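Student: Chain residues, written in single-letter form:
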Amino acid sequence: MPQGYLAMILHAHLPYVRHPEHSYFLEENWLYEAITETYIPLIEVLEKLADDGVPFRMSMSITPTLMSMFNDPLLQDRYLHHLDKLIELAEREEERTRWQPEFHRLAHMYRDRFSRARALFEDRYHRNILQAFINLQNRGVLEILASAATHGFLPLMDISQPAVRAQIKIGVDTYKRFVGAQAKGFWLPECAYHPGHDRFLREAGIAYFIVDAHGIICASPRPKYANLAPIYCPSGVAAFGRDLESSKQVWSATEGYPGDFDYREFYRDVGYDLEYDYIRPYIQPDGTRMQTGIKYYRITGHTYDKQPYDPDRAREKAANHAGNFMFNREKQVEYLATVMDRAPLVVAPYDAELFGHWWFEGPVWLDFLFRKLAYDQQTVKAITPGDYLALYPRNQLSTPSMSSWGYKGYHEVWLEGSNDWIYRHLHKAAERMAELADTHPEATGVIRRAIQQAAREFLLAQSSDWAFIMKTGTVVPYAQKRTKDHLGRFTRLYEQIKRGAVEEEWLREIEYLDNIFPDLDYSVYRTDATAGVLDASPEPALAAVQSPAGSTLSAAGR
Amino acid sequence: MFHKELAEMTRSELLQAAQELDIGVPANISHEGLVELIRNFAGTNPARGRKPFGTTRIWPAVPAEGTQPAMAGPGPTPAKNLESGYELPPGYGDTRIVAMVRDPYWIHTYWEVTEPAIAGLRRELGPSAWEASRMILRVYDISGLNAEEAAAVSFNPSLAARYFDIVINPYTNNWYIDVGAPNRSYCIDLGILTQDGRFIRLARSNPVTTPRAGLSEIIDEEWLTLDEIYGFTLRRGYGFGQSSIELMQPLARRLAREMGSGAVSSISSWGRRPVAERPFWLTVHTELIVHGATEPDARVSVAGQEVKLRPDGAFTLRFALPDGERAIPVAGTSAHTGETIVITPVVAKHTH
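Which chain is which? The protein sequence lines are G and F, in order.
Going by this note's numbering, the first residue of the first sequence is number 1, and it counts up by one from there.
Going by this note's numbering, the first residue of the second sequence is number 1, and it counts up by one from there.
What you were told as hints is all true, and nothing was included just to trick you.
If you only want the chain F side, here are some residues facing chain G, beta carbon under 8 Å, derived: (1) Tyr92; (2) Val98; (3) His108; (4) Gly214; (5) Leu215; (6) Ile218; (7) Thr233; (8) Gly237; (9) Leu317; (10) Phe319.
Which bits of chain G does chain F cover? Going by a derived footprint, with three or more residues having C-beta under 8 Å, they are: (11) 92-101; (12) 153-161; (13) 212-226; (14) 397-403; (15) 406-412; (16) 417-429; (17) 473-485.
None of these hints come from the bench; they were simulated from the model.
What you are looking at is a predicted structure, and each value in this text was computed from that prediction instead of being measured.
Ideal Cβ placement from N, Cα and C applies to all residues, glycine included.
So here's chain G without its partners, still in its complex pose:
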């Protein structure tokens, strides 16, 4: 019997980047790079762990936008083309570096990785790697979490409850469509929680969600176990709080493992380093240099004079770091077990794309971690939040505090000088979307299609990614353009629907462009239905304060 549990959660998300109107579109590379460097390496690690019979459990959220892109034939084709170019480059690199053994073996490593990625993508999963994750869930090692439709930042749309409801409901419906099952867990985009939104999670059949540490620590009434155990919201949905210590060891840009000098340097890439004419076919078509994914150096130190990457040394370091991470969890759990009357749960969520893409050795680290946890100690056991709820169905009733996992813990990243201008337009669109749903309960034909498309455009405009990009300062024009384009298309549709005169040819065009959520049911935006959900449960804060006698919920009773 372990003294405590560790829930490793990876959050996999990309905004919907699909541009059929161009033969090449730079931002689609976000997806292609993530597939090669993060998703496929993770699949390889998890499948090997399962094949080897290592007892472990892990959770992973895969957002509806990412699931949709995994399933999109155009992007699948384009990824394969991208990968073939990469394989070709790696082959040329193997030849070019023949007299440089320290680089030659790296070129070989990349060629090998890319070829394996191709075999997995094309031959094993017939271009849809979502199936790999679904298989892992069916094999009992992975728990896949649902997420909001387009990663909308829910607290900042609180003024429109139908908009919040739609993000959650369409997200859970999309999970059902692709995964073929009801989701248990839900990843709140950016861990951003606003009290009361759990009622829409309950409506969607969700059992639990994750918030940052202070979401639970500052919950009310004060949670008995702080963030080392879940609480039940008054709606009956469980909330788990992130553990700070384990987060910091991996996340922190200064103290975290990924900054180790033996690990691969992200910023040195042959796309920037090699002679122009040679690299020209593998960078942007207009000749602008870019990252290719072939990187030959290790971080080395705070210097521009980088040393060649040594995979064996890096692997050894990853093993050490996995051991260190496990040791710290053991110490943490050993202490907590002495003061708690139940086994503590350490919740450790990370962006999936940290693993492999930024932190090249991340997947190997994860591999070592699960093997060590299984065989080198007995104090801590890997678990999913869903399993923990089954072990401890009786939990305290309390309302989590508004919070997010962004910088400073609240909404500042997504609401500040560079991006605050978007909200008046998003809120207006939310109001109009509800109006369309209310006034057209039985729409058919082209009007129905137009309202569905309006909902798609509205949802795509809501991605938290756009505000985030405006704040962080990379590819700002793209984020601004996406916001304006989706809102612009929404407004034009709204006006045409109001006039009863939809330009069908244009509608067909944007249906083809923004093709996410094909079977979207816009009635989710109806205000009466939304009010029905809200009326069905008590005011969260009041219930928790006023009825201490009823302050416990058990999963069985829900």
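Add chain F to chain G, keeping to what the hints say.
Tutor: Here is chain F on its own, set in the frame of chain G:
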């Protein structure tokens, strides 16, 4: 004057606006210069006004247009790929104010006032009273009030736990308000404050509640808090010292840590390079190109490795060339006669 575009105003109108805003104006300033001056003021200078109590720190929002962070590094420049797109309207013809919580201490609000609403008020007050009036945000602390009481605070501000005014200049449409107190509920009236102290409401915001910045004071008897856990977790997670947990507040001030999805790995910062200053530098690399041609169906090997010929029988190889001397035997074998020709260039490279 609230909604007339600055650029469309006459010089004398602009000068009057500048005076109202206490902006010093150089005598020979151009029309554009004047517009710029007022616009900058609206964007950067704190509003002045009466503060009924306490110290209300205010910093205004950056204007929606014209400000964006510079792109860092040789990041992608996608704009060239994009067809000309949609622009958003400046407003929607509503007189409306909306509030959003940013964190335990700050609220953000944006608003819109229509021309007819302004014109109506102006008529009602008369031109001179109108000119002497100011547009304000009146922020009410409505914590603990029921819906009816909250609705009545505009007419009876004493119902609110406290309220304060922020004078806004006519050229802003959003503001960050330091409400200073976590776990309180607020709503905001947008309106006109006349010289004789009368408040005329134009719009009322949605109510918002700031989150708690520390531990809840409410303890559930059935689930008595295990203080040791809080002590352990807060010390190790937030770096608090050995103080009692009641002293470990407020938490919100400790959250500015180097973590979170934005800190390290968000996908959208892909391709960005560090922007740190690099001292003067120079790198030199050498590569060797070996090329040749034979009959298209011949077999060619270079330094022992088979080479794929182009359809015309030509081949090109490219090698990174480290220091030293190398022999590169190139062997071609005819597909018909089996005859082999070997040519061996020897290349020496040295760096001084």
